[in-house]
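Whenever a hint applies, use it, and build me the whole structure from the sequences.
Protein chains in written order, with full-length UniProt numbering: chain A, 1 to 703; chain B, 1 to 703.
It is worth saying that the hints were derived from the structure and are not from the lab.
Predicted model, so just to flag it, every value in this text is computed and none were measured.
Just so you know, not all the hints are guaranteed correct.
Stated by the list, open to error - Derived lysine to any residue pairs resembling SDA-like cross-links, with alpha carbons at most 20 Å apart:
#1 K667(B) - D702(A)
#2 K362(B) - D702(A)
#3 K520(B) - G441(B)
2 protein chains.
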Amino acid sequence: MQWVKVLGGVVGAAALLGLGIIVGHFAIPKGADSPAPSASASQDLDLKILETVIEQLDANRIRENLRELSKEPHLATTPRDEALVQLLLQRWQDPESGLDSARTTEYEVLLSFPSGEQPNRVAVVNSTGAILFSCRHSEENLTGEQGGPNVVPPYAAYAPPGTPQAVNAAKYGVAGVLVYTDPKDINDGKSLPNETFPHSWCLPPSGVERGSYFEYFGDPLTPYLPAMPSSFRLNSDNASGFPPIPIQPIGFEDAQVLLCNLGGNLAPADWQGGLGCDYNLGPGFRSNGIFPEDGQVNVSVHNRLELRNSSNVLGIIRGAVEPDRYVLYGNHRDSWVHGAVDPSTGTAVLLELSRVLGTLLKKGTWRPRRSIVFASWGAEEFGLIGSTEFTEEFFSKLQERAVAYINVDISVFANATLRVQGTPPIQSVVFSAAKQISAPGSSGLSIYDNWIRYYNRSSSVYGLVPSVGTLGAGSDYAPFIHFLGISSMDIAYTYDRSKTSARIYPTYHTAFDTFDYVDKFLDPGFSSHQAVARTAGSVLLRLSDSLFLPLNVSDYSETLRSFLQAAEDLRVLLEQHGISLGPLVTAVERFEGAATAFNQRIATLREGTPDPLQVRMINDQLMLLERTFLNSQAFPEERYYSHVLWAPRTGSVATFPGLSNAYSQAKNTGHEPAAWAEVQRQLSIVVAALEGAAATLRPVADL
Amino acid sequence: MQWVKVLGGVVGAAALLGLGIIVGHFAIPKGADSPAPSASASQDLDLKILETVIEQLDANRIRENLRELSKEPHLATTPRDEALVQLLLQRWQDPESGLDSARTTEYEVLLSFPSGEQPNRVAVVNSTGAILFSCRHSEENLTGEQGGPNVVPPYAAYAPPGTPQAVNAAKYGVAGVLVYTDPKDINDGKSLPNETFPHSWCLPPSGVERGSYFEYFGDPLTPYLPAMPSSFRLNSDNASGFPPIPIQPIGFEDAQVLLCNLGGNLAPADWQGGLGCDYNLGPGFRSNGIFPEDGQVNVSVHNRLELRNSSNVLGIIRGAVEPDRYVLYGNHRDSWVHGAVDPSTGTAVLLELSRVLGTLLKKGTWRPRRSIVFASWGAEEFGLIGSTEFTEEFFSKLQERAVAYINVDISVFANATLRVQGTPPIQSVVFSAAKQISAPGSSGLSIYDNWIRYYNRSSSVYGLVPSVGTLGAGSDYAPFIHFLGISSMDIAYTYDRSKTSARIYPTYHTAFDTFDYVDKFLDPGFSSHQAVARTAGSVLLRLSDSLFLPLNVSDYSETLRSFLQAAEDLRVLLEQHGISLGPLVTAVERFEGAATAFNQRIATLREGTPDPLQVRMINDQLMLLERTFLNSQAFPEERYYSHVLWAPRTGSVATFPGLSNAYSQAKNTGHEPAAWAEVQRQLSIVVAALEGAAATLRPVADL
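Spelled out as structure tokens, the structure:
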């Protein structure tokens, strides 16, 4: 509650300011671009509103949302996906609990589906071509939800059609790929029907993980352009990023039949798994197995590329004071099958959060300082398509105005602990939120204190803190952070890693990812869902309502130090090639100094009665810092990746990705001068970005 | 005078606001990031201050500045160039008339100079190699200023060394190039010593135009990176953009000897000039001339590439209310020789303007709302190097905060009329300024009314108005508009085209561009200098002090309409290749609608008492509109060019440059499908940019 400070600070104008606050609070102006009068411009986060929101987020409503969202398969662009578009629109337009406005945006995007007429097929054939064994075309209908026309058969999206035949063609160039999930990796070794779903959370033997095998993200035919019907499209024959050969995923039940009968040498120990046999490398079947030694595996893939209309749904709460600053909160809507966990646990939380905020809004109790944009993205499973097209369509506007992007995709992987991935500036707001909320269960711990038990690190600044992970490209935050340079995060509840080594929850992307799976095994009582809703809701409210944006730019310093420390391992070889780390060391020091001084200026301002424009100026520096790390020239080969700190790192040294990759390349290519020149180029790019970042944080009239 | 409105609007707070204005006006806070209290945040441009500035800009002081600046040659990075750096620093740090702060930034850049030991040479030789004729190595010392070690001999910067010999090698591949300026093009035909300088403003026979022949701009070795000593540099052997063959410029006196003795067929009528003979095409000399028919021209070029330290000087006036918004005003400092006209007429104005503003500042009479950044760029003549490196070093900061860039390079080409180049949004502020100031001379007209007599167009919106030209890459505005998307302009006084057809003022880039040349022929009395100082000063003050930025985004609509109109000529052929102009028409209409509605919202706000944050929000839209036209993917071959409306147009149709160029390419390459695909891609890029621009102008909570 910062009202007291405001009123105390300008005693002579108390009546005027008091009036201003009341106006800002209860009589929200209706004009689209009309923030409240300036008096309310000094209002800070209202802790009472925050408590109200946290209290009202209801576990049972989340459960009911999930039941509705996951009751039928809703693969991208199918009728049920479109029905959910309408459901979201209806919720966000509800007169009692809706937002200020909601709309859809539609893109025409290239998806990939199995043929309806010719099922993909994996079979063992003998030398005359007779079929000796066929893999399942669909998963076993264990709960009554695995059958019917809306359950898409297992397939590898964007894998090209073809009919390769071989057993192990590695020596002659691989002709096709079969993919399966081993019980050792997904089920902690369990593989029997009675120890798997519906008897436990484990993957049943017939379960098959669907997925997209497109290398990039976004619509494959319209890179860097929004996929409007009229947009320029690559010819799909020369679009890049598709797998070159047919791929088909199968269940471990079928994989066992193939793999346990392979001949040849024993595979390395690391490659052995939980199918109850030795895994051999081939080629050919073993002599004492169930197949003739010259039997072959025949794979028929009949996937088809199709242009489809995919919708995003956007819902907006207009900011009262700074409507041109956006806090975005999103999740995808599309699933592979029922998608109860992925993505509906996230969407169920999204709908409950938007309901609670919408209700406060419609009652006139609250309106955020900044605008809040809720988003339901389409076609994420095919490659983050809806979100990427959105960032392409509104590139300038988002770069200019977006404060942060909060992604809650799968909100609950398991019940043990919070798990957050994000860029360093979001650590502080997540910690503040997590400290305020009780963890589910009887521990009596806060979410923060529970979290630190599972994932922690020793910070040179703060001591022991929960560890925030980095953002890859696993969900819709990718275009926001990598393409637009918007501070982003992904929030979920997840595993106790001492209890399971499952790569991900076992029914991921299968037809067994259903409501009952969540309700019985993943989060009975939905208390973890509620914990995520509360945490993400608190983060959202803090970002939208705090006077000063709760982003701590100084928290980038630890990342830079660790990257710099790792770069020290390269020093000797770099110097042998005439490359100095000196400018990088200086740049990191300059960033640290500028960030520290910047935080001190904020602290000083907080002690006084800061002017709205002073606050805005500081907030612009906070908002735009992440943008300063973008360089569209840095990685010409990497579509969309332009953040010089978070681009994919393929080199083994955990330093700045461009440096790490170029160094690795130079070492591996026999030390060619051009390769070392690229190392120097990447170093200069990072130095320029860090110097630019420091310049952005310095007092604004210091050029 | 907007004070009355402010005081009238909030009667109850009149005392407080009145105090605030006084505080904002006289007691400037010293803290670097401390704007004045919010009350003064509503203050608009003070017309009295504006009048004071205009009155105090003194023609004689500009003349004295010019005398000092041009008294010695100051080629980039030479001691005199560095001495002028100190002069600028001293002026901007003057306790009575200086700015808040001034500093230099230094870059290590690749320049090109003639050899000190081996002069470049052009000679006619006979078949035994004996020299029959030599061109001058330097210009004739007509005024005592064309001699001495600091006058760089005529050369073509970045032309490689070499010794080609031929007369006309066109048929076998050109081996070298001689460049001269024909009296017909530069002197309205005059070529005799007694009708040229120092007897008139015309180019003397020995005058040679120096220049840079680098294809791009910026430091050639560090594209997209600031040229810090530690920065990655291309090897100059594989840097691109240098001429492939030797080039040497010569005077028309020498050109006459060579050209009037050429043999072969008569050159086309368009190629004939003012040297008093028929121009033939060669090859070889003519039979009845002064050279043997088998004589050859031998060219020896000994230019050398050198890494040199070049300085920019930056001077800052901190904004009182919005210090994080920058209005930039700059000119280059380096010349080829004395550079009285180019660039010192501009720098003389710059120094007078900064003196007048600095004096008001130091007296406490005035401080701008926004920060003003004065810049003196280095090494412009070699390819806009200082300004480009500046935009690379402060890329993010400038993109986020720069309101506009005002360039005044050559401020006076001639005495007839104002001439302005810029992007459409700057038209309105230039018109406002030009209407307020009297034109030099006895006409009694305003600068605006005088201007419209010389350069005008019929606007569908305004009727007859002066025509504002477009920005190419002829001076330091290029990186600001093309690379950063900052609204930019170039302001000068120029010719009466009914009186001269000279391509540019005749002594351009020669050793005859001296103080006396300006004082006697170009602007005796310096009234045109004063007119430019007043106009540019008024524009600067309006941009820095107006409550609402005086940029009219709606003025882009006329440009878009004219581009669209021109695109109609392509429609038939486009449609034959399946390309529709429909989405472009729609996008232009959407932009127009959004811009009109945006202007109406500003008009409505002006009628009330707008909140400082409302004003800031509108101003951010105004400032950032230009940025929405950037697309770093649009022109992969064009270094720095990313503005989809102002990139270089090589196609003949005066429409969107990407569309025009791709269309022309598709027509010229035999209608290949890939070429038409590029047309469609360019069309989609423009459509996406216009839709993005419209989205940026719409009410900020309409996503």
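Results for each hint:
1. K667(B) - D702(A): Roughly 51 Å between the alpha carbons, so the hint for K667(B) and D702(A) is violated.
2. K362(B) - D702(A): The hint holds at about 19 Å.
3. K520(B) - G441(B): Holds. K520(B) to G441(B) sits at ~16 Å (cutoff 20 Å).
Going down the numbered hints, you'll see the structure goes against just number 1.
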